[in-house]
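Chemist: Chain residues, written in single-letter form:
Number of protein chains: 4
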Amino acid sequence: MAGNTFGELFRVTTFGESHGAGLGCVIDGCPAGLPLTLEDIAAELRRRRPGGGGPSTSRTETDEPEILSGVFEGKTLGSPIAILVRNTNQRSGDYDNLKDVYRPGHADWTWEAKYGFRDHRGGGRSSARETLGRVAAGAVAKIFLTTLNIEIRAWTSAAAGIAVPGPGGKGFDWNEIEQNPLRIPHREIAQQALEKLEGIRAEGDSAGCAVSCLVKNLPPGLGEPVFDKLDARLAAAMLSLGAAKGIEFGAGFAAASGLGSELNDSPVSAPGLFPELPPASIPLPPNVPPVRWAHNNAGGVLGGISNGMPLEFTVAFKPVPSIGKKQQTVNRQGDARDLVIQGRHDACIAPRAAPVVEAMAALVIADLVLLQRGARL
Amino acid sequence: MAGNTFGELFRVTTFGESHGAGLGCVIDGCPAGLPLTLEDIAAELRRRRPGGGGPSTSRTETDEPEILSGVFEGKTLGSPIAILVRNTNQRSGDYDNLKDVYRPGHADWTWEAKYGFRDHRGGGRSSARETLGRVAAGAVAKIFLTTLNIEIRAWTSAAAGIAVPGPGGKGFDWNEIEQNPLRIPHREIAQQALEKLEGIRAEGDSAGCAVSCLVKNLPPGLGEPVFDKLDARLAAAMLSLGAAKGIEFGAGFAAASGLGSELNDSPVSAPGLFPELPPASIPLPPNVPPVRWAHNNAGGVLGGISNGMPLEFTVAFKPVPSIGKKQQTVNRQGDARDLVIQGRHDACIAPRAAPVVEAMAALVIADLVLLQRGARL
Amino acid sequence: MAGNTFGELFRVTTFGESHGAGLGCVIDGCPAGLPLTLEDIAAELRRRRPGGGGPSTSRTETDEPEILSGVFEGKTLGSPIAILVRNTNQRSGDYDNLKDVYRPGHADWTWEAKYGFRDHRGGGRSSARETLGRVAAGAVAKIFLTTLNIEIRAWTSAAAGIAVPGPGGKGFDWNEIEQNPLRIPHREIAQQALEKLEGIRAEGDSAGCAVSCLVKNLPPGLGEPVFDKLDARLAAAMLSLGAAKGIEFGAGFAAASGLGSELNDSPVSAPGLFPELPPASIPLPPNVPPVRWAHNNAGGVLGGISNGMPLEFTVAFKPVPSIGKKQQTVNRQGDARDLVIQGRHDACIAPRAAPVVEAMAALVIADLVLLQRGARL
Amino acid sequence: MAGNTFGELFRVTTFGESHGAGLGCVIDGCPAGLPLTLEDIAAELRRRRPGGGGPSTSRTETDEPEILSGVFEGKTLGSPIAILVRNTNQRSGDYDNLKDVYRPGHADWTWEAKYGFRDHRGGGRSSARETLGRVAAGAVAKIFLTTLNIEIRAWTSAAAGIAVPGPGGKGFDWNEIEQNPLRIPHREIAQQALEKLEGIRAEGDSAGCAVSCLVKNLPPGLGEPVFDKLDARLAAAMLSLGAAKGIEFGAGFAAASGLGSELNDSPVSAPGLFPELPPASIPLPPNVPPVRWAHNNAGGVLGGISNGMPLEFTVAFKPVPSIGKKQQTVNRQGDARDLVIQGRHDACIAPRAAPVVEAMAALVIADLVLLQRGARL
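Chains as they are written, first to last, in numbering that gives the first Met the number 0: chain B, 0 to 376; chain U, 0 to 376; chain Y, 0 to 376; chain H, 0 to 376.
Keep in mind that the hints were calculated from the coordinates and are not lab data. A few of these clues could be false.
As the list claims (entries may be wrong) - Computed, partial: chain U to chain H, Cβ under 8 angstroms: (1) Leu8; (2) Gly28; (3) Leu33; (4) Arg331; (5) Ala335.
Ideal Cβ placement from N, Cα and C applies to all residues, glycine included.
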């Protein structure tokens, strides 16, 4: 309960500081018999790693994972899967000037207020590198969900004040997501946003972004009622990301000003309405009719339980707080100080955010899939 | 982990269906020695109860709580505090026509998809009455937080498409909140929204709303890093409410299109900037300087840990799905059916939502206060 | 975490003090669709209730349970099952002389050392009446296990220094267990022990006992490796009973002085060796051969996982600490005092212990059955 | 929940198989600011490591730990402490003949019954090497407990059928424990037991043992009532050790045949009775008088809560199941097979057991110390 474990049955504990020996995770509860390779994990870590030309930090960790336990002859054993990524490109000296000063927008002071002590090198545990353990664990969760045909896709839906049309919108292209450094599913907008971000970075500033996520083939029935609703779990997962400031599902904040007659999703029996939806991988109880839904304002979740429609949500991320512009702050003695942050920093987390959002969604869903096994006789 | 328990150290389990024998909660982990009366709980339940003239259901439960255990001679014992509210005004017959049909926007079908079975009377466990247990538990948490001088206030910040200015905005009046049935902190806007809601209700429709919450005197250092961040816990708490579709903290979704130089909250040493802030009820570690912050775009939380500024967040709620207008749906055999929902229903959850949001915030904060006791030697 | 919740997936929270309004439990995670009646619970509570002629307290609560939630039309809903037993025969005045004094062998002083405060009436939460909630929850667990053909039987295997032969031993009679107030499976020994206990009671003293338990038809594979082994969970369950002082499995303490060549249980392929064993209710993985075992020194558990043999363990209980003999103690001021405890007390917990042991075993096994559903793809 | 995590606030997750890349643990919830060195951990691992001349396996791992995270400038950060011990002396080939056969007394078959799959090399996760992670974590817990003056000492109290007098008994010598390979606190008996074990080993057999543990300076008030009693937690901890078959506290099984008048521990006010007891490190509530106790039949725990007396318990361990003698078993096809186990195996776990028991006791107590911080206002 000390905050570094996530999930109940598919259960992940992460560890590691930005400039310590390494970061990683222990996954407890992954079902036995799942085929798993090192490359499954390495591939997701590469997606999370900042690229060359984009608006990300130029720190180039190789981020090579090692599986320490839990896999034997290419399959999961049922025992804990420990994964380690060593820190190899540490330039702790970059942070010496930050030892006695609290960076605006960062967790430096709050961490000390909590623990009386912090690792000032690169933010320590509150660094964005902390997400390495999440992505490694999420990679395993994804492999598990693949056995149920569940597919999770996240993309940058807004960056530096430039919005991107959603799925079905003009120019939206699933295939484009992994083709540009910002993971924007629209080539022209991606180019436009990249240029704007370059300008922002050149001024020593940073920009916020939004990431949307869609989960296809989610079987109905996932999510525990009351406190552990599907959307409640996802909200916790996403707001646990350092820079997240908000989340909305389906119609989201717009629902607050809508009418019930417009927003209620209705079950419909008409077969063919959503022909792209395959049979659910977890069968319905025998006496419950399969249904489709006329709309998806709910974003795939009713009463906290998946309804068989695509799960849809969007997360808002604030700008990266490490900026080159001069800022006011105070030092450890409580005296006012000017601060110019040096070192390698992202101008926008968009490039890395989508894989991390996917990883967290995979962890939530894997856990709920296992919990669902106990729902009925 | 089956979803009806919330919190780790201040730990609440709720139970009960809308039309069963009763609803309630068991609170485990409330510190011993806390003065607690039945009226503390009854008062909060009355705030949650739909009033007479407003846009809420005309079902008039008295909702009298009984403390079954955990309190002796007016003080908490350290043992579980069980609270029961009996259902007394059940008109189950109102729901007979809903037995074999799935209401749009409700959890009827998803509940069956999960469990193969449901209590169709008033939504059963997925009824808004489920929040009774939360409010009773939240009342106890509030009493506990009062010992730390922590104050939680929620209000309706938008209803039926009408937005309300925030604290400090023109006409915002803390004292007005409990003076009108919508809990809108602005008399004229409240009147305007009430009239608009009456029109919506007259047409057999319903409307969404937003509820904002501000927590004062929150001591710095609350929130567990990584997965159990203060904002992550609050997000889970709020999205666990049946009709919630989104949450944002501080600048929220606007942060996604802002710049770091605008949004970074800076620590400042100037005493007097926030003279209204009292000394923190949980002392800072001896070597950490007290700070104030130049702005509060973060909404009181940095890196998932409270920074001593007021905690601020807003929750979006969809319209009540039970509407009088004719809707399309399917029945248990999967055949299309017309549906007109009868019975007593809210046109907007605004009147009840603020007390429930306060209760959930109190539960989150009480838990994190106790967890913080283990943070340092 | 605050100690009043047991189990992970089949999860029970109990509440209530001896002389408060009532005691009970909330069961979260019982699978939906299980047939459950009030009588299922009442019957187990009657077994736990002290009888008339035996060595138990003459306090005669009727202990009528009420199901507050979670059951609809005779079946479990998947939502929390809350059960309440009101205290009706409270004679709090019996305890007035104990308000300012600490009873030897009881938790009076330790409870105050922990909480600074206690309900002195009948031990409050540390009363034997606390087991009411356990037995009610165990009754539900038993019904669930019945669907898997799992059968749990406990009996008094020693009382007042008189030992009883085990299953297969001379005179052991399963049918006798419920026929005498001590639940001793041997008519003559039961009579002998009853007489000895009457003498002990007449002298104002009390006696210890041992309870053995055997679980038949336990499917192989139950128990989580490392910390949540089947035997570790059972040990926690049994030592959580107020008067328990020890537990042993299979050969138990005798194994500490034995040899591997004598004690190793060997798998054997000879069909027919244990013809009474039915097919396991949870099927073995397809590639794993069914086996029998040549002996059962392990008591049915190897490496913390059930092996298909009968689960066997014994719990040692100390004498009831409430005795009529004069004892030395101290009062709230720390001064020495003589104490003679009055009121209604058991001379030996044997009559009630077996149903409580069965209940706790049922809770452990129900939980592990559900956890096992997540073990494999 | 998947079995590899222990504790609530001082929370340990272990990982690793006997012949995989390595074993270790992640400790989440250790308070920040605790001085911790690599040598603190290495020293405990050396105590666990089988020595040269004794009755242990001749496999000589160096078992060098590495701290991967959570410690900065010699102090704990409050973030997870990950510790890794690489496997360096793996002779997996020793186990090739065990791939298709189930070893008697081992978890080979039960592991397959659970997961459908196992790592046959050295028992995989069910190897005694699994305790490495426990001992590493226990070393950190011990350092934490040292700040409270709490001292944990375990020793071999019986081995190969030879019993050892307890503390205060003739010849018992605390200083002898670490002086002989069996950790028997009595030089002559240790020599005698070693010789007997050599004979047993020479015959290809193995022997059981018992380990006793005493915890001094345990402050009163530790242990959560009802399910998480101090003794319940310790019972779970100890029975989670692979070869444990029983545990008893204080008078233990003897209490089952004793009388209340003999066994009740009475509080006494006479100062000076236990002059060796220092003031408790966690202060009593102001209104509760400090007491001493006339005896310690309870073993330091009343109602599941520590009473300030030394905590005393004994664990029974079965003989090591890997023996050289020919045994009967079955193979993966279910056919009968003779088996002679080769390789390096302990003849008795006595040499390693005491440090592991201490480690588990330290984990339990550290957790309960932190939980106690939430007990009172």
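Chemist: For each hint, tell me whether it holds in the structure or not.
Modeler: Here is how each hint holds up against the structure:
Checking U/Leu8 against chain H: minimum C-beta separation of about 5 angstroms stays under 8 angstroms; hint holds. Interface restraint check for U/Gly28: the shortest CB-CB distance to chain H comes to about 6 angstroms, inside 8 angstroms, so the restraint holds. A hinted interface residue such as U/Leu33 counts as satisfied when its beta carbon comes closer than 8 angstroms to some beta carbon of chain H; here the least separation is about 6 angstroms, so the hint holds. With a cut of 8 angstroms, the hint placing U/Arg331 at the interface with chain H is violated, because the nearest CB-to-CB distance is about 35 angstroms.
Restraint check, U/Ala335 versus chain H: the minimum CB separation of about 43 angstroms is more than 8 angstroms; hint violated.
Hint compliance for this structure: hints 4 and 5 are not met, and every other hint is.
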